[in-house]
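Student: Work the whole structure out from these sequences, hints included.
Going down the list, the sequences are from chains P and E. Counting from 12, one number per residue, gives the positions in the first sequence under this note's numbering. Counting from 12, one number per residue, gives the positions in the second sequence under this note's numbering.
Derived from the structure by calculation, the hints contain no laboratory data. Being a predicted model, the structure only gives us computed values, none of them experimental. Where is the CB? At the ideal position from N, CA and C, for every residue including glycine. One should not assume that every hint holds.
[Said to hold, decoys possible] With beta-carbon atoms standing in for the labels, derived distance ranges:
| hint | chain 1 | residue 1 | chain 2 | residue 2 | range |
| --- | --- | --- | --- | --- | --- |
| 1 | P | Gly348 | E | Gln105 | 24 to 30 Å |
| 2 | P | Ala379 | E | Gly82 | 39 to 45 Å |
| 3 | P | Ala147 | E | Ala311 | 48 to 54 Å |
| 4 | P | Gly103 | E | Gln387 | 33 to 39 Å |
| 5 | P | Thr144 | E | Asp352 | 27 to 33 Å |
| 6 | E | Arg355 | P | Gln387 | 46 to 52 Å |
| 7 | P | Thr144 | E | Glu388 | 38 to 44 Å |
| 8 | E | Arg355 | P | Ala147 | 33 to 39 Å |
| 9 | P | Pro269 | E | Ala108 | 53 to 59 Å |
| 10 | P | Ala151 | E | Arg355 | 40 to 46 Å |
| 11 | P | Glu377 | E | Arg78 | 29 to 35 Å |
| 12 | P | Ala379 | E | Gln105 | 24 to 30 Å |
| 13 | P | Glu310 | E | Gly122 | 54 to 60 Å |
| 14 | P | Gly348 | E | Pro27 | 40 to 46 Å |
Listed below are the residues making up each chain.
Number of protein chains: 2
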Amino acid sequence: MTAISPLAPPHFPDLPVVSGVRLAAAEARLRYTGRPDLLLASFAPGTTVAGTLTRSHTAAPPVIWCRALLGDGDGTARALVVNAGNANAATGEQGHAAVLQTADAAAALVGCRADEVYVSSTGVIGEQLPVETLTAALPAMHARLADDTWPEAAAAIMTTDTFPKGASARAEIDGVPVVINGIAKGSGMIAPNMATMLAYVFTDANLPAAVLGPALRRGVNRSFNAITVDGDTSTNDTCLLFATGAAEHRPVARAGDPRLQGFRAALEAVLTDLAQQIVRDGEGAQKLVSITVRGAASEAAARKLGLAIANSPLVKTAIAGEDPNWGRIVAVVGRAGVAFDQARLSIWLGGERAAKDGVADAAFDEPAAARHMKGQEVDLAVEIGTGPGSATVWTCDLTHGYIEINADYRT
Amino acid sequence: MTAISPLAPPHFPDLPVVSGVRLAAAEARLRYTGRPDLLLASFAPGTTVAGTLTRSHTAAPPVIWCRALLGDGDGTARALVVNAGNANAATGEQGHAAVLQTADAAAALVGCRADEVYVSSTGVIGEQLPVETLTAALPAMHARLADDTWPEAAAAIMTTDTFPKGASARAEIDGVPVVINGIAKGSGMIAPNMATMLAYVFTDANLPAAVLGPALRRGVNRSFNAITVDGDTSTNDTCLLFATGAAEHRPVARAGDPRLQGFRAALEAVLTDLAQQIVRDGEGAQKLVSITVRGAASEAAARKLGLAIANSPLVKTAIAGEDPNWGRIVAVVGRAGVAFDQARLSIWLGGERAAKDGVADAAFDEPAAARHMKGQEVDLAVEIGTGPGSATVWTCDLTHGYIEINADYRT
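Tutor: Listed below in structure tokens is the structure:
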């Protein structure tokens, strides 16, 4: 068995208080012992919410619950409950009942309606959630809610993540400062029996759900929807954005209001930071890989091609092997279902152009490209010559570590 | 580094003569030394041809040549030239010129038109083909053409295949016996720098191209299009079927003629045999995995879901780890883009039902399923409850061997 040399984990950042948000973590022993596995967050009255949820058609009961709240509710939230170790997926009616029981218990503590309580789960698929154990832990957690417990909160939602993930940014809306904090766990269908990418973002901005939603979807498309570890979308993927409204800026009613420019940029920065942390913690990851596609018909087409390259086992193993093998990228471009002009196809490894006009570039400095690929951060770029669309996606390399974590494990 | 325990290679079968087909292999040293890397086949006048080619939009010049001949030609073939070690892909105009030069050289030897010469290449992408070296080897090969050189022919088209692949079947058309031989190489974008699945099938049946085509496409959909090693479609995938017409049965003009029933079944048997050999020789393969999907809206939908399961790194590593982790299959079903009824979803590992009605089956005999997964042949089945469509696909597990072959290699 070869040694795993993971990318160095980033330090957990110093997250500021978000007025109106309080959190508590606990060791509820739903599956793990000796570590926190349950998160309760409470939000000030009037907190608005927007979310993006897995497109999986085997979505877990907590995802179906959140989707119903986001779609039919009034766009407000008063609490969030997240457990790690059990995905509450493929659990049928009993799974749905467990979600409702969780929401009822949290609502009674916080003093709100059950449909103001958002619920997420991550972990094993196909086992019933020990919901009595979960709800029994909530009262003590409610008594300990605090506004500075971000590291504990980020740790409580981890499954086989090797480090907690947090990010923060500041912006101004109409001249009034606002803060955005985010926590997340990784990544794709990540671990032996675990599932799910979860991310929760909290701001004191005073924005209605109708304004939060478009900002979140745009940011998620450019961050969480632009990363991949193994291409396996999970049954539980969830990203929720809560806005407490504590910041005293003037009302903003439209998603396209230009006063939101700084907020949107800060939100995208937080989401991208979290997304890249998830890739850095990808199973067996030794390298963080950025793939930029230019010259596509649209941003969406560029992202589609970028993700096809990022999901190719042959590209990911070539990167693990530090092999400047651009022919494998040509093959992916050809099969990705994206319009391109082969006569205008160019490929760069690091800053070195390997292919030009669809064939080998005679001036390719292969030794320089090989040196670039020995680093922990690898940049690939592809120009496909059909339009103005561009996008960047991130992935990690495919290594023995991935096989060790996913195959050498036994249930 | 862990040991690789590949599946045992099958014995190369004893392929009979196909009247009208002669073959010669040679060590042309296009890239390899000490092994054959060039195949020349000649066909009797009047030989018809049908083919399926890669859908890649970075298709290599030899694929583009074959597509033009199949589309615009008269459906006849007199020769086939295949080289291993260089894919002649991403080679632009110079690559196209090399194909034409190859066809001209073979046509002069065989005594036919250049547009009756089919050409294939497999190997490194992005390097120009040493076409003078190739054509210089052809005259001596032409002098050695013989009807019994099937093992040499199958060996000459290998890249990193670990064994040559051949299959044969007999059938009757209108009471007259016909024979079908096939040779192939593996599999997907298979190797460090190599590419391509190639298969050539030869029969003495007397059938026009318009009849061969539908029979071949139906068979390929159920064989080569139902296997995957790594999901990476190559730039050079090619399957050609040549029919010399030496068998003296009465003419068959329609693809749907019921007299072709036995021929179609025998052709599908040859194609499926070759396809399974390719999977058995998949990089790092330790297990041959059959995945059957039932209850889909159509056969195509069933195959799409089967291939999504077969391409999931998490499913493939679970199989490598002999882990009866059916939750990973639930996740793939949910994201595969195929209509299903979660309340009627069932999953079997071996003969053991793990999930029923979308949740864990309380009667699941997990130890029995775990025993099944320790074997070299693993069967998975999924029932999705929406229609009559079913399909079976084949793949291999994802092991350290795959990483070793693709990442530990250096150019």
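Student: Work down the list of hints and note, for each, if the structure agrees.
Tutor: Hints, one by one, checked against the model:
1. P:Gly348 / E:Gln105: 24 to 30 Å: Between P:Gly348 and E:Gln105, where Cβ atoms are some 28 Å apart, the hint holds.
2. P:Ala379 / E:Gly82: 39 to 45 Å: holds (43 Å)
3. P:Ala147 / E:Ala311: 48 to 54 Å: holds (50 Å)
4. P:Gly103 / E:Gln387: 33 to 39 Å: At roughly 35 Å between Cβ atoms, E:Gln387 and P:Gly103 fall inside 33 to 39 Å, so the hint holds.
5. P:Thr144 / E:Asp352: 27 to 33 Å: holds (32 Å)
6. E:Arg355 / P:Gln387: 46 to 52 Å: holds (47 Å)
7. P:Thr144 / E:Glu388: 38 to 44 Å: Since the Cβ atoms of P:Thr144 and E:Glu388 sit about 41 Å apart, the hinted range of 38 to 44 Å holds.
8. E:Arg355 / P:Ala147: 33 to 39 Å: Hint holds: Cβ distance 35 Å, inside 33 to 39 Å.
9. P:Pro269 / E:Ala108: 53 to 59 Å: holds (56 Å)
10. P:Ala151 / E:Arg355: 40 to 46 Å: Holds - the Cβ-Cβ distance for P:Ala151 and E:Arg355, about 42 Å, lies within 40 to 46 Å.
11. P:Glu377 / E:Arg78: 29 to 35 Å: holds (32 Å)
12. P:Ala379 / E:Gln105: 24 to 30 Å: Hint holds: Cβ distance 25 Å, inside 24 to 30 Å.
13. P:Glu310 / E:Gly122: 54 to 60 Å: Holds, at about 56 Å.
14. P:Gly348 / E:Pro27: 40 to 46 Å: holds (42 Å)
Violated hints are absent here; each numbered hint is respected by the structure.
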